[in-house]
Amino acid sequence: TTFQDGGEEVEDGAVYNVTLKKVQIQQAANKGARWLGGEGDQLPPEHTVRQYETSKIRAIKAGTLEKLVENLLTAFGDADFSYISIFLATYRAFASPRAVLELLLDRFGNLETSSHGEVANLNSLESEMVLRAEIASVLRAWLDQCSEDFREPPDYMCLLKLLDYLKNNMPNSDMESRVQNLLKQFQNQEVEAVDGFCSTSSSDLVDGEELEISNPEEFSSFQDHVVAEQLTYMDVMLFRRVVPYHCLGSIWSQRDKKENKNLAPTVRATITQFNAVTKCVISTILGTRELKIQQRAKIIEKWIHIAHECRILKNFSSLRAIISALQSNSIYRLKTTWMCVSKDILLMYEELSEIFSDHDNYLTSRELLMKEATSKFANLDSSEKENQKKSQKRLQLQKNKGVMQGTVPYLGTFLTDLIMLDTALQDYVEGGLINFEKRRREFEVIAQIKLLQSSCNSYCLIPDQKFIQWFRRQRHLTEEESYKLSREAEAVADTNILSPKSQKSMVKRISTLFLGTDVFTPPKEQSLKSSPVGGSSGESTDSASVSSCEFNHSESEDVCVTPVSSPEDPLKKISGYPLPSCSPDSSMSTASSGVSSLPSKGSIFDPGSGQDSGSIPTRDSGSVPGSAPRVLPVYNRQSEGSCIIRVSMDGLHASVYKSILITNQDRIPDVTQRALLKHNLEPDAVEDYELVQVISEDKELVFPRDANVFYGMNSHVNFDFILRKKA
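According to this note's numbering, the sequence shown holds residues 124 to 850 in order.
You can take every hint at face value.
In the SDA-like style, the derived pairs of lysine to any residue whose C-alpha atoms are separated by at most 25 Å in a straight line are:
#1 K458 / E424
#2 K307 / L227
#3 K848 / V809
#4 K190 / E553
#5 K384 / R221
#6 K145 / I207
#7 K458 / P339
#8 K179 / T197
So the derived label-pair ranges between C-beta atoms look like this:
#9 T187 / E763: 25 to 33 Å
#10 D201 / D821: 54 to 62 Å
#11 S498 / E340: 32 to 40 Å
#12 V133 / D793: 28 to 36 Å
#13 K822 / S344: 51 to 59 Å
#14 E341 / N385: 29 to 37 Å
Everything labelled a hint here was simulated from the structure, so no lab data went into it.
Positions of the beta carbon are idealized from the N, C-alpha and C atoms, including for glycine.
Let the hints inform the model, and build the full structure from the sequences given.
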């Protein structure tokens, strides 16, 4: 089979990409071979005649809403077999379920007045049957793939409209009974918030229980594999509930508006769980002042073992949360405590951290996730023999049980990709047509989420109520509290006397592991003051978003841990990386967009658009054969006259930023206005602000009033900007 680009076809209200598909349909013997009695499949090529068939594939590239809905009925005939799935997964970015349903049923589904192409000129029974079958196929796919679109309590207007249509046009059909059952199911279900398993509100606690700081002995009583299994159980329950369209950049990026406080609840629940795990790690390590250095080191070792168990279970969400907590400022700076962690466990920690290296747009974690997405068990490789033996032993126990494992991803990666796509690609093209090519690119990411959700059905985990209750009872420390306790713990540790020999050997071991002793340098107090404080207090931090794509710190459910410099690059500045929160937003504010990119390795949710990021990786699913995807603009790299910059507001932490697409035609007023809009500020106040690029800790580049940002910026440093009110 070969494909050939057939150009474009333009119709009223739609533009199509055309691809010619050439397929060999027959190979027969030529005349001479037939005279000799030979068969085609037994003869060399020179004695055969090949017959080919060329078919045309039409894939809609852009169109009006009416054309996109009409294409649902014709896509199969145009050989665009993935169109219905792509449309249903992404249409919420540009239309409501009611608008689509009304077009489908009233305009194209009315058998008497339909103007649908195949039926318009024919009033035969056969034509009506064809149209009825096409509509039934679309409705069946809609109910199969996106039944949540019809959950509109208390009226359920769309579901009732659909039921009325089926009674009139397809009475007593399986579809009618199915819709009736779905309506009853929705009506019988109480309206309830998504159970995140980690809420610390009093309503989630048993009478008489109060939030408490973790008791080290109680925490130590839970076996490592039990903790990992329970975290995985909670993550699986939440990830399976994620509604894929909630992750779209155009939707998730709107979550910070007051009227959207309940937007994308399934994604918010996942972010809340991620942050709860991170805060639990920190509170168990720092919450008890009386702990000795060795006791605190044992707790760190236990969490590293739990992270390793999560890796065996292919739970990359809790694995990332634990690693992020251990790389937060308050834990990472405990140099004396880290010196008491055994060498083997430090090597294990280093290997687990490497999974989330930000090199080449988090390529390692992406490749590992896709490699293990549908595999039965984890593929564990370790450069350290002892760790390798332990890993293989634990893995063999899993295999002996005969239970396959699913895969829980770090959602922040997908959120970030979707935010970047939303930022880089326009919603509408020339003529005001909806850019459906953008939706095809988004579907490539959505399809991966759906695949992983499917794999989670392989898990067979039983909840341990004792652990879950303990986990819910934990009182989370704010960033300010954890940093204060960290300083106290380190001050107490400094009073202990270590022999010069033991101190030297431990310093050498820890510094060798992290490629530089300066990584444990405590962060400046001013960095703490400049970062918002969040946590169990529920204050809005609007800082990093838990990423995999974009987790927002502006919300109480977002991660509030400030990551420190990556061990691989201790010179990286914390402020140069947005804290990842769980929400990727086209504006990418950690808090506001929800997809802040993880700062080095220590952020809670990682957007995946790090300093070394290249173009957004895509797969071929859902794309038109033969079409060459163009390189998208990315952060920290100028290409083809465009790039993406990150703009934060003066006075807020650098992780609270918005991603903005700029071109070589944009000047200061244009970029400033866009930045104000992204930060939900009045766009008319352009004259009151100045745009500044952060060059280093003590150096800035201030742009003149009408400067061209693309050509005027320093392209050799991070594309991080500050919007500052003029004096």
